[in-house]
Amino acid sequence: MRDPLLSLDSYSRRLFLERCAHAAFGLSVLPAFGADPQSSSSPSKSAAAPSASPSTGPGFGSAKRVIFLQLRGGMSHIDTFDPKQGASKGPKGAISTKGHFQVSEFLPKTAEIADKICVIRSMTAKVGVHASATYLMRTGYEQRGTIKHPMLGAWAQHYLGASHETLPSSVAINHNAEHGNGFFPAVFSPLPIIDPDAGLQFSVPYAGMKMVEDRLKLVNQIDSTFRQRFPDENVSAYNDFYENTVRLMKSTELKAFNIGEEPESLKQSYGSSKLGRGCLLARRLIEHGVRFVEVSSGGWDMHNNLEDAMEDTGAAFDKAYAALIRDLDSKGLLSSTLVIVASEFGRKPEFSGSGRGHYPKVFSTVLAGAGVKRGFVHGSSDAAGAEPVGEGVTVGHFHATIGWAAGLPLDKIVSAPNGRPFTVGNKSKPILNVFA
Amino acid sequence: MRTSRLFLLLSSPALLLFASVFSANAKPKKDAAPATAEGSKPALVHTIPTSPWHTWSDPNGAKVDAELLSLDGTHVIVRTKDGQSYRLNLTRLVPGDRVFAEKAKALLPGSKVPVKQAAAKIDALVRTGLQKASLSANPPIADEPFVRRLYLDVAGRIPTAGEVFEYVHSSDPEKRAKLIDRLLASEGYQSQMFNWMADMLRLTDDYGKGVRSYVYQEWIKDEIAANRHWDTFVYQLMTAEGRISSTGPVGYLLRDRGMPLDNLSNTLTTFLGANVACAQCHDHPMASWTERNFYEMAAFFGATEQGFSKAKGVAKGAIDKKLALKLAAPHQARVENLTKVTTTFPKDYKYDDAKPGDPVHPKLITWNTSDAKSPAYLGASTDNATQLRERFAVWLTHPENPRFAVTIANRIWKKLFGLAVQEPVTDLDDLKQASNPALLQYLGEEMKRVHFDLREFQRIILNSATYQAESSPTPNLEKGPYLFPGPVLRRLSGEQIWDSILALVIGPELDRFKLKRADDIRKLDIPQEQLTAEIITAKANELGLLSKGGKKNLSIGKGGGNVNEDDFEGGKPPHFEGVMMARASELTQPSKESHFLRNFGQSDRQIADSNSTEGGVPQILMLMNGQIQKIVGSEKALVLRETNKLQKTEDQIRYLYLSFLGRMPSESDISTTRAMMTSGLTSKDLTWVFLNTREFLFVQ
Numbered sequence: 001m002r003d004p005l006l007s008l009d010s011y012s013r014r015l016f017l018e019r020c021a022h023a024a025f026g027l028s029v030l031p032a033f034g035a036d037p038q039s040s041s042s043p044s045k046s047a048a049a050p051s052a053s054p055s056t057g058p059g060f061g062s063a064k065r066v067i068f069l070q071l072r073g074g075m076s077h078i079d080t081f082d083p084k085q086g087a088s089k090g091p092k093g094a095i096s097t098k099g100h101f102q103v104s105e106f107l108p109k110t111a112e113i114a115d116k117i118c119v120i121r122s123m124t125a126k127v128g129v130h131a132s133a134t135y136l137m138r139t140g141y142e143q144r145g146t147i148k149h150p151m152l153g154a155w156a157q158h159y160l161g162a163s164h165e166t167l168p169s170s171v172a173i174n175h176n177a178e179h180g181n182g183f184f185p186a187v188f189s190p191l192p193i194i195d196p197d198a199g200l201q202f203s204v205p206y207a208g209m210k211m212v213e214d215r216l217k218l219v220n221q222i223d224s225t226f227r228q229r230f231p232d233e234n235v236s237a238y239n240d241f242y243e244n245t246v247r248l249m250k251s252t253e254l255k256a257f258n259i260g261e262e263p264e265s266l267k268q269s270y271g272s273s274k275l276g277r278g279c280l281l282a283r284r285l286i287e288h289g290v291r292f293v294e295v296s297s298g299g300w301d302m303h304n305n306l307e308d309a310m311e312d313t314g315a316a317f318d319k320a321y322a323a324l325i326r327d328l329d330s331k332g333l334l335s336s337t338l339v340i341v342a343s344e345f346g347r348k349p350e351f352s353g354s355g356r357g358h359y360p361k362v363f364s365t366v367l368a369g370a371g372v373k374r375g376f377v378h379g380s381s382d383a384a385g386a387e388p389v390g391e392g393v394t395v396g397h398f399h400a401t402i403g404w405a406a407g408l409p410l411d412k413i414v415s416a417p418n419g420r421p422f423t424v425g426n427k428s429k430p431i432l433n434v435f436a
Numbered sequence: 001m002r003t004s005r006l007f008l009l010l011s012s013p014a015l016l017l018f019a020s021v022f023s024a025n026a027k028p029k030k031d032a033a034p035a036t037a038e039g040s041k042p043a044l045v046h047t048i049p050t051s052p053w054h055t056w057s058d059p060n061g062a063k064v065d066a067e068l069l070s071l072d073g074t075h076v077i078v079r080t081k082d083g084q085s086y087r088l089n090l091t092r093l094v095p096g097d098r099v100f101a102e103k104a105k106a107l108l109p110g111s112k113v114p115v116k117q118a119a120a121k122i123d124a125l126v127r128t129g130l131q132k133a134s135l136s137a138n139p140p141i142a143d144e145p146f147v148r149r150l151y152l153d154v155a156g157r158i159p160t161a162g163e164v165f166e167y168v169h170s171s172d173p174e175k176r177a178k179l180i181d182r183l184l185a186s187e188g189y190q191s192q193m194f195n196w197m198a199d200m201l202r203l204t205d206d207y208g209k210g211v212r213s214y215v216y217q218e219w220i221k222d223e224i225a226a227n228r229h230w231d232t233f234v235y236q237l238m239t240a241e242g243r244i245s246s247t248g249p250v251g252y253l254l255r256d257r258g259m260p261l262d263n264l265s266n267t268l269t270t271f272l273g274a275n276v277a278c279a280q281c282h283d284h285p286m287a288s289w290t291e292r293n294f295y296e297m298a299a300f301f302g303a304t305e306q307g308f309s310k311a312k313g314v315a316k317g318a319i320d321k322k323l324a325l326k327l328a329a330p331h332q333a334r335v336e337n338l339t340k341v342t343t344t345f346p347k348d349y350k351y352d353d354a355k356p357g358d359p360v361h362p363k364l365i366t367w368n369t370s371d372a373k374s375p376a377y378l379g380a381s382t383d384n385a386t387q388l389r390e391r392f393a394v395w396l397t398h399p400e401n402p403r404f405a406v407t408i409a410n411r412i413w414k415k416l417f418g419l420a421v422q423e424p425v426t427d428l429d430d431l432k433q434a435s436n437p438a439l440l441q442y443l444g445e446e447m448k449r450v451h452f453d454l455r456e457f458q459r460i461i462l463n464s465a466t467y468q469a470e471s472s473p474t475p476n477l478e479k480g481p482y483l484f485p486g487p488v489l490r491r492l493s494g495e496q497i498w499d500s501i502l503a504l505v506i507g508p509e510l511d512r513f514k515l516k517r518a519d520d521i522r523k524l525d526i527p528q529e530q531l532t533a534e535i536i537t538a539k540a541n542e543l544g545l546l547s548k549g550g551k552k553n554l555s556i557g558k559g560g561g562n563v564n565e566d567d568f569e570g571g572k573p574p575h576f577e578g579v580m581m582a583r584a585s586e587l588t589q590p591s592k593e594s595h596f597l598r599n600f601g602q603s604d605r606q607i608a609d610s611n612s613t614e615g616g617v618p619q620i621l622m623l624m625n626g627q628i629q630k631i632v633g634s635e636k637a638l639v640l641r642e643t644n645k646l647q648k649t650e651d652q653i654r655y656l657y658l659s660f661l662g663r664m665p666s667e668s669d670i671s672t673t674r675a676m677m678t679s680g681l682t683s684k685d686l687t688w689v690f691l692n693t694r695e696f697l698f699v700q
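Chains A and B, in that order, give the protein sequences. Each residue of the first sequence is one higher than the last, beginning at 1 in the numbering used here. Each residue of the second sequence is one higher than the last, beginning at 1 in the numbering used here.
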């Protein structure tokens, strides 16, 4: 693979590095693959916190890739991974699994792969409003009116550099990127894939690749006077973006976005839901070198008709999730890929009408792969599913745990452009108990 | 050289076609009625028209659309769209025209002397700053890049081929000043200023729970159209009281309902450049702001209720309670003054000077010990809780507030030069840190001299040699401050690119389509004490909200992200490739994330000033393979229709260069492009090529 940094002469290389260093001021390009990321892509100064602890221990750096399933609307913990009896019991009961713990009868396929996953049943938060809760779950920070926090994919790109020469380091499937870069440069923003079946939007060359390249030659000719007059870092950044884009369009790696190449039987196992298609695409992407993939799925705000909705949305999840875990495992990817199931909050223990209201006080998330204990449950909720037993796991802890698995320095402080200090997981400690 | 090329063009048959461009551009203007702001008007009322364009009529019914050029006793001199000037006798026109002419005088380039003097003073201060660093100013910018830059900075879009041609062709020695005046008075200026404010004030359609900010947005547009001065504008944002369904400026505080501390933090950084974000939670580590300072400022808003109150008394009547609430509640969101300050020190307050939970007494911050003696700090006491916001607003917007004038002056400078005199604009705590402190101080003084008239202030800067210099590449600020030898080369903002594409595709007609979404909400503005089911039912019926299968939804503007083509004044905007061709200011605020505008950096309006000009692969994919190149290359698009009317290949090439890049092609440009056309590239293909040049995407 060509290292773009090596092909530059010393003057251009200096310009390139300066440009990256000033990413926060204006434009920026993808950090050079393989270059020292902290000197080339950081918009801000990093410093170790005074209480810096060595970043080693069980599970640290075990996740080379992360798939983050974000179930929008608020997944009912009781009707999925934390089934209850008595007054809180949902429309369906609990079933035994291969993992020596129970899940809801709504998740029969997940029960089959439960020996490969790790459920956290003592998640706790204070935010019960959709937008703010999604924000918290995606960033590990509460939403403020004065700063935008990055998602884990952007943190990883900041500390570890780009994960691939041509492919993006982060991808968001089924949903817009929502400025996942936070206060990092826009290039850290996940590449959005709105429709997993359609793949990367606008990647098919208009009128053919040859035509595009011929026209770009004319563009360069027409533009040459302007570019000579303005040896501007932002102009050259765009020149580079054009090169990157053309390289991506021509790259055989583009097939990473095409789930049409997957065998029909495998496609069927994931199901035809957007989540299923998204999970399949996520697997292809991480296989080709994308580090962080978020797959969103809506339909979890089950105030009414919970039973019907679980039979529909819940079943689609069950199918897709089980297929994803199996597929990764059979390809030998699970041991280095962290798969996360997260939502906004849980749902109330008590049924009102045909559904349940928002409930952030206790809920469940699920981890799998990448050095995480298999067939394990961390923490628990009380008998009603109303309170965490003991100290709950905050979203900050959860993020710190993922960051830890991804090999990110949790003790390092990054100063955002507004001067405020931030860390992965908001200074929380990782839950080391989940790692084998 | 340029003259001869122009001559070449003029002597070709293309001249006729260029003339036809001008006439095609001439669309009847809707009557330039003076904009009015609803609600109680502040003392400072400007009733001047927003544009010198007017339909002049005589008593017999003859009409002509023309722009007022000057007033000469009983005569007016006007210019029609085709560039012809006429002298009209006012006594032979209808009385309304006389009133218009008198009022519109304020729009005319009146006394040029103070503008030129102030601009010269700016140039001198910049020169001194450059000389100290042994640098010199950039050479003056040529006409072609100047006209493109000016249209982008003032009207928010590139000029059409006709507009460049007209300007370059003019031999009027005052043509720069005149174009500045014309564009500052144009509707494009209002649209551009709205985009600028929308980013700064974080304008969003959707306030949650069915509450929409349309009345607020339209109020801002009216304020801009009336050229309301900045101090008066901000004063209203701070002090407004009332419902969001009738009182526009309450939208400012309601934007952050439930988060008054975040709102205050934004207020202080945006309008005063006070870098207080840290002090919200602890004493500022570097600057002198303490957490106590912050809470004392917050107490000025501590007797203010901002909420989405439940509509009371709607339980009985013709429609059920739930429906009535759904209809009425969103329009009851309001800002109200209370009689008691409720601000207390936070639970985790850790300093010795107060205990958590203690009541906080309002107190104004100072930057220097001498500040407290300034007139901004004198006057009304803070005893009357209901007047606290007013007290705060008087201080905030006072000409002698230590930072108010200089902060907005610095922001406007950044808007026109790409960089502020002191960066970042949100931290002016230490004015000595400015790249050129004397310049910044003078800009603050000028801002006061023009009484916070942002249009006049921009007129001064635009007339300076510093603005009218060639641009510099992006400076590396770590190597030293940028001293403004000229403006900085910039990528167009998302809004500028989008609006420029509109200029290419539909031409100057782009300003015709005005979004008006607030009317239905205003109709549902019912004082709380009058809220009964009967009244709500009647209103709902009147608005057709209860008819089943009707277009309207129960809650007005549900979704907070959809603009309906019926919501426009001035006709329905055209669609290309299924995309609505209306200016960024007339679309949802902000646009949906999948929209072109967001891809190219329009702010999501969560954080102030977060419009971005950063690039990315999705942008390039969009420009090369996406909808936008289809729109620009559409046979229906103005640029292609006009190009294809030209017979000669060279003329087509010239027209495309003028349209996209605002300049004539050089001989070598022509031969390069012609060679490509000979080998099969069509004019449509060329639109793709120009769209993908850096020269198009950047402003010199």
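Hints in this document: simulated from the structure, not taken from any laboratory. Any given hint could be a false lead.
[Stated by the list, open to error] The list that follows gives simulated cross-link-like pairs (lysine-lysine, BS3-like), each with its CA atoms no further than 25 Å apart:
#1 A/Lys-250 with B/Lys-630
#2 B/Lys-347 with A/Lys-429
#3 A/Lys-427 with B/Lys-347
#4 B/Lys-175 with B/Lys-116
#5 A/Lys-331 with A/Lys-126
If you're wondering where the values come from, they're calculated on a predicted model, not measured in any experiment.
Hint-by-hint comparison with the structure:
Of the supplied pair hints, the one linking A/Lys-250 and B/Lys-630 holds, its CA atoms being roughly 21 Å apart against a limit of 25 Å. Straight-line distance between C-alpha atoms of B/Lys-347 and A/Lys-429 comes to about 24 Å, which keeps the hinted pair within the 25 Å bound. Note on A/Lys-427 and B/Lys-347: the hinted pairing holds, with a Cα-Cα distance of about 20 Å set against a maximum of 25 Å. Between B/Lys-175 and B/Lys-116 the alpha-carbon distance is near 14 Å, which keeps this suggested pair within the 25 Å criterion.
Of the pairs offered as hints, the one joining A/Lys-331 and A/Lys-126 is violated, with about 39 Å between alpha carbons and a cut-off of 25 Å exceeded.
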